[in-house]
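Student: Sequence:
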Amino acid sequence: MEANTLNGKATSLTGSKMWQFVIVGLIATLGLIISIFLAIAYGAKEMSLQTVWLSIVDYQPDKTLHQIIHEIRLPRVIAAAVVGAAFAVAGALMQGVTRNPLADAGVLGINAGAAFMLALSFAFFPNLPYFIVILLSFVGAVGSTISIYLLGSASANGLTPVRLTIAGAVVAALLSSLSAGIAIYFDLAQDLAFWYAGGAAGIHWSHLKWLVSIILTTIIAVMGISRSVSLLSMDEEVAINLGVKTKRVQLLAMAAVVVLAGVSVSVAGSIGFVGLIIPHIARKLVGTDYRFIIPLSAILGAELLVLADWAARTINPPQELALGVTVALLGVPFFLYLARKERGR
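Numbering (UniProt numbering), first residue to last: 1 to 345.
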């Protein structure tokens, strides 16, 4: 009886929330487009929105402003948007399959695993092709994920949201310390500073070719398990009764998280809190159906990181703040609020 009720509830969400999702999604998409144009137009060198538009639809390489837009700002803004979408969707998936509101690729140490492998590659194989760097970052994310789950499951009570968070913090601290030790020993502190702080500067079109294709393909693919994630996020036992293969869904979701986090860290460094903040906002706007949460999280995550990157380079030009710092200024208070809210339950 309970399973039928929950199944009916999940089905009815589609009808009752569809128009709400369409309206919110259109507004969010419009906000993202506006944010992209503003981020391209305004910086150390300000340009008109008309110049930005013409450089996109009618690029003329002999014009200096067009070159600045096309070779520097446009790749940077696109990278920030795609990485923001990746981290947000990764966070949504983790929160859904673990039923842990504090779950996030950065908070749980997955980003630290990817960054650790980057440190190793810089120390021992400094001239690797970019695609190999992505693969190594992915391997690091896989390794940290496995370590977190093994450590968090070591108790007789099994894996709980609190134990998962603690395990993630422990693994993240260990891997961050090892990365710092490698950086000091091999005199790589300056080279790795970007990856620790996070940022979208220095992104080229050659990077975007891999970044966009891998991340967009992964986000589209996880939409196939979005309904199962919705049921799993409500109650695992009921999801099993409704025919959801929970272990398979968890495995696929975590594989997607590892891909999204690993590839993003290889490009933009370790940026936390995007996957923590955005899914909560998406749930407030469109409810608990992950068929709506995942695409809306992608849009809102892209918008957040575009605006954060814009702020990082315009607060004190020509100097830039680290992108990870600007996001953390918002993310840390939000994390503390959620932690206090969960403790009060």
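No wet-lab data here; the hints were simulated from the structure. As the structure is a prediction and not an experimental result, all values here were calculated from the model. One should not assume that every hint holds.
[Stated by the list, open to error] List of simulated lysine-lysine pairs, DSSO-like, C-alpha gap at most 30 Å: (1) 247 x 17; (2) 63 x 45; (3) 63 x 245; (4) 284 x 17; (5) 284 x 45; (6) 17 x 209; (7) 245 x 209; (8) 245 x 284.
Student: CA of residue 245 to CA of residue 209, is that 30 Å or under?
Tutor: 34 Å, violated
Student: Has the given pair, residue 63 with residue 245, been kept, meaning a C-alpha gap of at most 30 Å?
Tutor: Answer violated: residue 63 to residue 245 is near 57 Å, above 30 Å.
Student: So if I understand the rule, the pair passes when the alpha-carbon distance is 30 Å or less; does residue 17 with residue 209 pass?
Tutor: Violated, because 35 Å separates the two Cα atoms, which is more than 30 Å.
Student: Are residue 245 and residue 284 close enough, with their CA atoms no more than 30 Å apart?
Tutor: 27 Å, holds
Student: CA of residue 63 to CA of residue 45, is that 30 Å or under?
Tutor: OK: residue 63 and residue 45 at ~14 Å, within 30 Å.
Student: Sort out whether residue 45 lies within 30 Å of residue 284, counting only the CA atoms.
Tutor: 38 Å, violated
Student: Straight-line Cα separation of residue 247 and residue 17 no greater than 30 Å?
Tutor: Holds - the C-alpha atoms of residue 17 and residue 247 are around 28 Å apart, at most 30 Å.
Student: Straight-line Cα separation of residue 284 and residue 17 no greater than 30 Å?
Tutor: 12 Å, holds
Consistency with the previously given hints fails for numbers 3, 5, 6 and 7, ordered from lowest to highest.
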